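Participant: Chain by chain, the residues run as shown.
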Amino acid sequence: MSFEMPVENWRASITQVTIGATEQDGGTRERAITIGGAATLPFLAFEGETPRPIIAMEVLDEQPEGWPEPLVEAFSDVYGDPAAWAQKCVEEYGADMICLRLVSADPDETNASPDELAEHVKAVLEAVGVPLIIWGCGNYDKDNEMWPIVSQAAAGERVILASAEEDNYKTIAACALADKHVVLNESPLDINIQKQVSILLSDVGVKPENIVLYEVTGGLGYGIEYAFSILERTRLAGLGGDKMLSAPMLSVVGSEAWKVKEARLPEEEAPEWGPQVPRSILWEAATALTFLNAGTDILVMWHPEAVKLVRQATEDLFTSGNGF
Amino acid sequence: MPTAIEIYQLLPKTNCGDCGVPTCLAFAMKLAQGQASLEDCPHVTEEAAAALSDASAPPMATVTIGTGDKAVEVGGETVLFRHDEKFHHPCGLAMTLDSDLPTEELAEKAKQLGELEFERVGNMIGLDLLAVRDAGDGSFAEAAKTVAEAGGLPLALLSEDTEAMKAALEHVGDGKPLIYAATADNLDDMAHLAKQHSCPLAVKADGLEALAELSERAMDAGLEDIVLDGQPKTMGDTVQQQTIIRRAALNQKFKPLSFPTICFTDAETTEMKVLQAINCIAKYAGIVAVDFEDPTLVLPLVTERLNIYTDPQKPPQIDQGVYEVGEPTEESPVLVTTNFSLTYFLVEGDVSATKVPTWIVVVDTEGTSVLTAWANEAFTGEIIAKVVNECGIEDKVSHRNLVLPGGVAVLSGKLEEESGWKVTVGPEESSGIPSFYNEQGFK
Chain A
1 MSFEMPVENW
11 RASITQVTIG
21 ATEQDGGTRE
31 RAITIGGAAT
41 LPFLAFEGET
51 PRPIIAMEVL
61 DEQPEGWPEP
71 LVEAFSDVYG
81 DPAAWAQKCV
91 EEYGADMICL
101 RLVSADPDET
111 NASPDELAEH
121 VKAVLEAVGV
131 PLIIWGCGNY
141 DKDNEMWPIV
151 SQAAAGERVI
161 LASAEEDNYK
171 TIAACALADK
181 HVVLNESPLD
191 INIQKQVSIL
201 LSDVGVKPEN
211 IVLYEVTGGL
221 GYGIEYAFSI
231 LERTRLAGLG
241 GDKMLSAPML
251 SVVGSEAWKV
261 KEARLPEEEA
271 PEWGPQVPRS
281 ILWEAATALT
291 FLNAGTDILV
301 MWHPEAVKLV
311 RQATEDLFTS
321 GNGF
Chain B
325 MPTAIEIYQL
335 LPKTNCGDCG
345 VPTCLAFAMK
355 LAQGQASLED
365 CPHVTEEAAA
375 ALSDASAPPM
385 ATVTIGTGDK
395 AVEVGGETVL
405 FRHDEKFHHP
415 CGLAMTLDSD
425 LPTEELAEKA
435 KQLGELEFER
445 VGNMIGLDLL
455 AVRDAGDGSF
465 AEAAKTVAEA
475 GGLPLALLSE
485 DTEAMKAALE
495 HVGDGKPLIY
505 AATADNLDDM
515 AHLAKQHSCP
525 LAVKADGLEA
535 LAELSERAMD
545 AGLEDIVLDG
555 QPKTMGDTVQ
565 QQTIIRRAAL
575 NQKFKPLSFP
585 TICFTDAETT
595 EMKVLQAINC
605 IAKYAGIVAV
615 DFEDPTLVLP
625 LVTERLNIYT
635 DPQKPPQIDQ
645 GVYEVGEPTE
655 ESPVLVTTNF
665 SLTYFLVEGD
675 VSATKVPTWI
685 VVVDTEGTSV
695 LTAWANEAFT
705 GEIIAKVVNE
715 CGIEDKVSHR
725 NLVLPGGVAV
735 LSGKLEEESG
745 WKVTVGPEES
755 SGIPSFYNEQ
765 GFK
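So the sequence lines, in the order shown, correspond to chains A and B.
If you use this note's numbering, the first sequence corresponds to residues 1 to 324, in order.
If you use this note's numbering, the second sequence corresponds to residues 325 to 767, in order.
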């Protein structure tokens with residue numbers, strides 16, 4: 001019996017999206033990053049183009065509360081200073097992008113004003129040359145109040161504004177159009193809603209090359225199977241030619257992985273699970289690797305050691321040994 | 325390969341449902357897709373069975389390693405993506421032990437690994453196999469015996485030396501270990517041993533073409549229980565080989581690759597070994613053998629496996645009953661929610677974040693979330709009251725205050741009346757639990 005390679009002929013490839021703009025393109029980034037372009041499933045180099053995933057490291061614009069010790073050790077020296085934090089991620093840990101989360105916007109907590117939030121964005125833009133993702137606080141009213149000012153503060157930089165949801169997308173879409181940004185299409189683990197939001201964004205004029213998809217995720221052990229399958233289905237739909245699902249995908253890894261007790265608990269509280277390091281770091285890295293296998297293009301991560309491990313794994317995933 | 329309609333013509337067409345599928349046509353479609361076995365139909369004629377044997381042959385062999393309760397089944401997969409149906413046999417997880425360890429140490433390690441278990445919402449999960457690696461110093465047979473006795477798990481015997489394998493099988497061959505591995509050089513002898521002891525045989529070769537040739541030789545020698553190793557050199561090779569093998573088995577019905585696979589971890593650091601194993605579990609490996617020292621790092625692997633092999637058609641559920649977050653006392657708050665795992669995990673996570681020890685009463689709603697269960701009348705005042713009164717929480721706390729999810733506030737009157745507990749309406753979303761706890765002064 002002779003063996004024939006089982007090659008699939010996919011109908012389409014994933015849309016390419018460029019994040020960040022250099023001076024030449026009206027921004028101030030040292031370099032722009034193009035994601036997407038996959039012509040097959042992850043790592044199947046024998047079948048087509050498989051772009052390398054990008055790692056964005058997350059920066060909070062105020063001091064986090066209740067973080068587990070391994071994260072505190074990595075970042076406590078830059079707490080409360082998003083510019084210094086971002087710089088540390090880029091210079092020490094080689095982050096490809098910075099994901100700035102404007103947690104201080106939360107009206108139930110610090111409730112920073114739109115002008116103050118815009119200052120945080122400007123400080124990070126000045127501190128680092130990599131492209132940015134800017135994430136609101138999740139309170140629709142507050143986010144819609146802040147976006148025009150925050151988006152304007154980064155005008156021309158082609159940041160990803162996060163995020164547009166089915167019942168709250170108009171303001172963010174308008175800001176992205178006005179200031180030349182990319183929009184993150186967020187859905188609650190539902191491929192139909194994801195598609196619907198893409199349609200809604202298209203209807204208001206956001207072009208396919210300015211949309212990135214995000215399905216809400218869970219950490220390893222906590223619903224990751226849902227996200228895994230929805231990402232796979234989305235990618236298969238995109239490769240099958242569904243234009244509304246052919247955008248690159250982003251996964252939030254750090255905050256999800258570190259939310260679960262297998263990462264959070266120190267050894268004293270869970271001796272049967274062994275030392276918190278490397279357990280917690282592996283929890284984040286394993287969560288990331290699972291999403292990569294489902295097709296994710298951008299990972300948003302927290303711990304520098306987890307970033308390092310995922311980078312090493314990615315390198316190996318793109319290396320051909322004996323092939324097949 | 326016949327189409328669903330051709331298969332249907334050969335079935336009894338009685339729509340009796342005894343096969344578990346409502347109609348003969350639906351059953352025929354499942355057979356055509358390789359998602360059902362002809363044996364499921366008790367009424368099929370011999371003539372039809374013969375005609376359909378090719379169509380009904382499972383696309384990938386199921387291989388059993390070990391005997392009795394602890395036997396592990398791998399392979400038998402029918403789909404490339406879990407959302408297309410489900411993955412049938414969770415990949416076997418093995419830990420490797422070297423045969424030249426001192427006997428006592430080897431026995432101690434095997435015992436520890438055999439007993440290794442992690443609890444996950446009521447399920448205990450651990451390793452499935454122990455792999456004994458031949459150090460080439462004559463210790464292999466004794467070591468296999470020691471590990472089999474002390475570990476209590478099925479074995480994989482790792483040696484290319486047919487004499488060493490023969491000696492080991494004399495001790496442990498009755499336990500149906502996996503023989504690893506036949507190569508181009510020793511295949512005839514290894515195949516002979518596998519037949520003699522009725523054991524599954526792994527074949528290994530550098531790359532898939534050589535592997536397919538070797539597998540075909542093993543099939544020609546009369547073996548049916550074969551495990552494949554294409555010896556990938558990188559994680560990229562692994563994903564590609566695993567995918568090609570799965571596609572060759574399912575889409576091309578290419579017999580020599582229609583078997584489960586085995587993968588090993590060979591990275592320099594323990595952390596990278598864990599990630600190599602995660603990668604294999606996510607992408608089709610039949611067996612993953614790891615060889616790091618710290619057994620607690622099996623936790624992410626068994627968790628990954630549990631997730632990937634969860635049946636996507638059945639909502640993940642936890643058992644009805646009382647769960648503890650932290651170490652609750654008789655004063656601690658009592659929350660109630662449904663048994664959909666994701667609902668429970670959200671509530672549990674948000675409660676843990678408050679650091680307030682809490683009791684959570686979980687009501688069996690057949691794995692639906694709070695609002696869905698309410699809509700289906702699986703989460704009503706009467707049902708919740710019955711569970712609260714019968715689950716034993718009344719003996720654990722001195723108070724009678726119950727927190728009900730805010731989304732079903734409408735149930736509170738009936739629930740108070742039926743249960744005799746005072747009901748407080750909690751937040752609509754579990755993310756509101758920390759601020760709700762603050763308002764209530766729970767600590």
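You may find that some hints are simply not true.
Below, simulated DSS-like cross-link-like pairs (lysine-lysine); rule was C-alpha separation at most 27 Å, straight line [stated by the list, open to error]:
#1 557(B) with 579(B)
#2 259(A) with 767(B)
#3 259(A) with 557(B)
Derived by calculation from the structure, the hints in this document are not laboratory data.
Note that the coordinates shown come from a computational prediction; the quantities given were computed from them, not determined experimentally.
Participant: Look at each hint and say if it fits the structure.
Facilitator: Here's how the hints hold up against the structure:
In summary, the hint linking residue 557(B) to residue 579(B) is supported, as the alpha carbons are separated by about 24 Å, within the 27 Å threshold. For the hint pairing residue 259(A) with residue 767(B), the CA-to-CA distance comes to about 21 Å; that is within 27 Å, so the pair holds. The suggested pairing of residue 259(A) with residue 557(B) is violated, with an alpha-carbon distance near 34 Å, which exceeds 27 Å.
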